[in-house]
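Student: Go by the hints and put chain R onto chain Z.
Protein sequences appear in the order of chains Z and R.
Going by full-length UniProt numbering, 498 is the number at position 498 of the first sequence; the sequence numbering is gapless.
Going by full-length UniProt numbering, 68 is the number at position 68 of the second sequence; the sequence numbering is gapless.
If you are wondering where the hints come from, they were derived from the structure by calculation, not from laboratory data.
Possibly wrong hints are sitting among the right ones.
Pairs involving identical chains hold if they fit within one copy or between any two copies, as the list cannot separate such chains.
In silico lysine-lysine, DSSO-like type, Cα no more than 30 Å apart, as pairs [stated by the list, open to error]:
#, residue 1, residue 2
1, Lys101, Lys653
2, Lys345, Lys153
3, Lys581, Lys607
4, Lys667, Lys633
5, Lys365, Lys653
6, Lys312, Lys242
7, Lys312, Lys284
8, Lys245, Lys358
All values derive from a computational prediction rather than experimental measurement.
Protein chains: 2
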Amino acid sequence: MLQPAAAPRHSAPVSHAEMANAIRALSMDAVQAANSGHPGMPMGMADVATVLFSRFLKFDPKNPAWPDRDRFVLSAGHGSMLIYSLLYLTGYQDMTLDELKRFRQIGARTAGHPEFGHAGGIETTTGPLGQGIATAVGMALAERAMAAQFNDKLVDHYTYVIAGDGCLMEGISHEAISMAGHLKLNKLIVLWDDNLISIDGPTSLSVSDDQIKRFQASGWATIAVDGHDPEAVAGAIAAAQKSDKPSLIACRTVIGYGAPTKAGTAATHGSPLGADEIKGAREKLGWPHAPFEIPDAILSAWRGIGAAGTAKSAAWEKLHAALPAEQRAEWDRRLKGDLPANFDKTISEYKQKLAADKPKWATRKSSQMALEVINPATPETLGGSADLTGSNNTKTAGLNPVKPGDYSGRYVYYGVREHGMAAAMNGIALHGGLIPYGGTFLVFTDYCRPSIRLSALMEQRVIYVMTHDSIGLGEDGPTHQPVEHVASLRAIPNLLVLRPADAVETAEAWQVALQQKHRPSVLALTRQDLPAVRTTHTEENLVARGGYELAAAESGAAKVTLLATGSEIAIAMTARDLLQKDGVPTRVVSMPSFELFDAQDEAYQEKTLGPGTVRIAVEAGVRQGWDRYLGIKGGFVGMSGFGASGPYEQLYKHFGITPEAVAAAAKQRL
Amino acid sequence: MLQPAAAPRHSAPVSHAEMANAIRALSMDAVQAANSGHPGMPMGMADVATVLFSRFLKFDPKNPAWPDRDRFVLSAGHGSMLIYSLLYLTGYQDMTLDELKRFRQIGARTAGHPEFGHAGGIETTTGPLGQGIATAVGMALAERAMAAQFNDKLVDHYTYVIAGDGCLMEGISHEAISMAGHLKLNKLIVLWDDNLISIDGPTSLSVSDDQIKRFQASGWATIAVDGHDPEAVAGAIAAAQKSDKPSLIACRTVIGYGAPTKAGTAATHGSPLGADEIKGAREKLGWPHAPFEIPDAILSAWRGIGAAGTAKSAAWEKLHAALPAEQRAEWDRRLKGDLPANFDKTISEYKQKLAADKPKWATRKSSQMALEVINPATPETLGGSADLTGSNNTKTAGLNPVKPGDYSGRYVYYGVREHGMAAAMNGIALHGGLIPYGGTFLVFTDYCRPSIRLSALMEQRVIYVMTHDSIGLGEDGPTHQPVEHVASLRAIPNLLVLRPADAVETAEAWQVALQQKHRPSVLALTRQDLPAVRTTHTEENLVARGGYELAAAESGAAKVTLLATGSEIAIAMTARDLLQKDGVPTRVVSMPSFELFDAQDEAYQEKTLGPGTVRIAVEAGVRQGWDRYLGIKGGFVGMSGFGASGPYEQLYKHFGITPEAVAAAAKQRL
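Just chain Z, same shape as in the assembly:
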């Protein structure tokens, strides 16, 4: 089993085995140096990766951002030394030998798992299993959509994935596989590291799936090969490139290939091999070189592959240069992530109309109406919903669906696949040229939380349109009523949570979300109708402040400040009337986004929160997160447990979230 793989038909004097062994050696040595990491996967998949990178992958180490490069996703992200080795060997300039030596150290580009943004060639952050394959589905979809929107010479690349057993056990893999098969994303090619091992031991401890049959059931082309036979792997990839379906290549490999006693066992998965085992592996593999030493011939064979890519990217630049000027400018704008020049003006005019019309819409409806303005103005939006289109109000006039084989549409029916949708949106955003938004119920952010977290960690402009955002959804009951969700989303770093109060705030929230080049946003929107509260037009986007005085005290200095978001703004406004009728001057502060408010200067924050006033926060969710704004005398009116099934007006009364309760809470503290 551990015989060196057959020599490839390769014109260089360097053999396939030597090139693959360079990956193996760097991987085991870097893990050993770090005294932590995962050598087994890179050693097992070195042959497959060598074939992919040396014979198929279209990439240019000198131009890692080349828009039409093939995307390579290491879904089994724990095998990060595989990609770091390849990036170094092929000549990515920011992946130096020194970086490999600093594997897993603070500040190194070579983090424990591949982190997007740390180095060129890392297309997405992976590690949480299944995310890579699901993100790749979005990349493959974005490729087809961009080809349809521009032209299929300018955009014509593959998306390759290396996935492990863990990726395929995760539920998200089902959503991804099912979606890719349905949409016939035939330029998506998954190389499965079929090594029969997971952390607990042989995969037979926990799984008996026939993966070939499973992928076929979802409309994939499949083939199984010996992952240590380079010609077999190459033949499979060549066939996959020609398929009219996405392809699974099951690569039977030996984890830790080359390790004399540990190969083929879970012992190689997540720990350094140890000095003795590494010594033995060097012998077994015929790799006498010192740690981190790559013989010149081998390095230059690898570098030659990288250099060949530079010619390809140069050829593409000519295609790009030959585009009609207007189309080229549009391409460049979209790839840079800039919004159209007239975007802000469009929103401002729309806001002006809203301030005059004063519509009493649910904010999900306000969101749709904003999108009716936004989508025609920004051709880069790609909308969708996880089978709640009519509830999330995410589809606007003129958005046609993306269909199997026809990717010209701008709306994706994601199916009941919240997690797959979120990961695909990450892939769409990472791909470039498109801004994805997608909807489900806010309570189901739980289903896609691991991908939302990655949107935030990778700083991607993904917009989550999350409707039915409280007990205000009514009869569907506690399983569908978010209570802790707004708080728990606010807890995620770099995630913008926006809970607008009316049509104007919703338009502003969309504007803010679209303006974030490096941040995902969640829009929390109501099912139920709300009154208009922003009835005077402001040129300034007030939501962008995070919090602002919506209504001043009517007469005299304010004694009470009511802080609220979204649907509870209306309750706060009525409570203000009650209090003022009783002679208590009361202000209302709208707080659509904690994150944006916290970014204001201290003086603005202090002034807005109303120094010296009694502060009461009102939100139909848990209190967590509000205390920092409330001060010692502050109060909170909201939820302290799960919701219930019933008409929403009755639920608000049942749970005591009423103007009367707010007024009483304020008075108690005066």
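Tutor: Just chain R now, kept in the frame of chain Z:
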């Protein structure tokens, strides 16, 4: 297509069609009365459900808690009127006609989605799609485990599931199906409502999976039938009962069967049919009766089926009574959910030993050592891990694995299926007789959050053993480092979050978690070693207080109170030394559980938090949730963004979570 189904070979004068139409009528009428709900599914699946309940399901409406009843799980929970109708028709005493008329009203047993605990016969809360089928896997596993642990006459029931297209699109379904197939849970029978419709329209908009092939790939027996042909359905169920694999029965149905213009369309899914359509359906179905009126003959046919179950449960009671006294007492204890009589003593003795030994263990190791004591003492625990056994330290000596066909073991290799594991644990807990615990990394609570939420909503004793609970996990980097997770778990109502600081606190945390009959717990445990801080034995479980003074100020009245949890207790203790060396009397309060602390009386809370002292909280996570304990002068030392890859000691310094930083934060506020 809408021809009435063929009359069954049924001895009663009432036809199958009449019995099924009773479900259809009640469902459409209750939805209409509520002016909200989902009539399409109950009308489409009425034939299948009638066959299941009238010819196969083992249940006793007079004794809904009969331990050996078949479990029926309505995974497609939006079709709740299906089960409410059946419970009423078969004679469950708490499901009156009045309850049906109060469908979706506050306080009714008939919530929008089936809520566990609202009425007998509702085996689990469903609605979030895919949860039911995954929970049912746990029930089916528990059935086999209890049969192995007691005897297979006392425990010998099926678990039936009705699942929809949405359930099968959700990723969790993959984890559930794969696990059930691997474990050969042959008494699990899934009836798939194959109606070709989801909310957005025809399923062909978003999915092309060959479900039969997919289930076969995971080791299931499969059959496809006309869901309106009662004999075909009956034949399929009878065959499934005899299979040595779990079974999928694909039931091709017409959603909203009977509705004259809307049947077979998404229009019947989630809205009342409307008066005209209902009138037409009455004609089409040959159901001339008034809303909520069930003719006596039909009702008594249904009631007869219910009554037949009473005889079966009585027969089972004899089996139970015939058990040897000791075994019967053990059975009764486990079914009641009581812990063994000597449990508290066992823990106390173990704590005494720990206080003397002062081990410097990681709390994940402390957890394993606690389990080494607990598992022999409590035969009802059923452990497991999502492929991180050696990292979560969840397997103790003498716990053998559950294997396909051999369910005598007490340890489940759940595979890389966090979500499936969590849902299965809900099913195990709901089944009764077992206390499930399962491990993964704390960061992956995100992967199973929808099921954790259901543990809390259903008040189930499920114990989540979540290790690697902060940047303290080190080199694996930000994708594996929880930052917001402790806060976001604390946000979930009725979930106990326990973050112990050393071996004694970990033992106490386990004791508290096991004592919760109506609450799930998350144990947040470190990867890294920690010093012993509880070195004097206390009979009292101090963790049960949620927060307590761990170290008083050394001399004089305390000026500073340091609040911390888990691994940051050691940092707080060192900070206390630094401060006291500088003449600042400082206390340390350990806060292993906010929920338990908040349940203490106000005087205790106030005293513990240290009135008048400067308070600094230290936790290697986000600040959210701490402010309410900190007062106006309070400070926080922790994380404000994502982590990084590196050795953990360096990460703590890098992010400024050090004794020096804590001492400085305190001094700044003095």
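Student: Taking the hints in turn, state whether each one holds.
Tutor: Cross-check of the supplied hints:
1. In this assembly of identical chains, the alpha carbons of Lys101 and Lys653 lie at most 30 Å apart only when taken from different copies (22 Å versus 62 Å within one copy).
2. Taking CA atoms no more than 30 Å apart as the test, Lys345 paired with Lys153 passes in neither setting, with 34 Å inside one copy and 75 Å between copies.
3. For the identical chains of this complex, Lys581 and Lys607 are intra-copy neighbours only, at 24 Å inside a copy versus 40 Å across copies, given an alpha-carbon limit of 30 Å.
4. Proximity of Lys667 to Lys633 under the C-alpha cut-off of 30 Å is found in both arrangements, the shortest distances being 11 Å within a copy and 25 Å between copies.
5. Taking the shortest alpha-carbon separations for Lys365 and Lys653, only the intra-copy value of 24 Å comes in at or below 30 Å, while the best inter-copy value is 48 Å.
6. Taking the closest pair of Cα atoms, Lys312 and Lys242 come within 30 Å of each other only inside a single copy of the chain (20 Å); across copies the shortest separation is 61 Å, beyond that limit.
7. For a Cα distance limit of 30 Å, the shortest separation of Lys312 from Lys284 qualifies neither inside one copy, at 37 Å, nor across copies, at 67 Å.
8. For a Cα distance limit of 30 Å, the shortest separation of Lys245 from Lys358 qualifies neither inside one copy, at 50 Å, nor across copies, at 61 Å.
In summary, the numbered hints that this structure violates are 2, 7 and 8.
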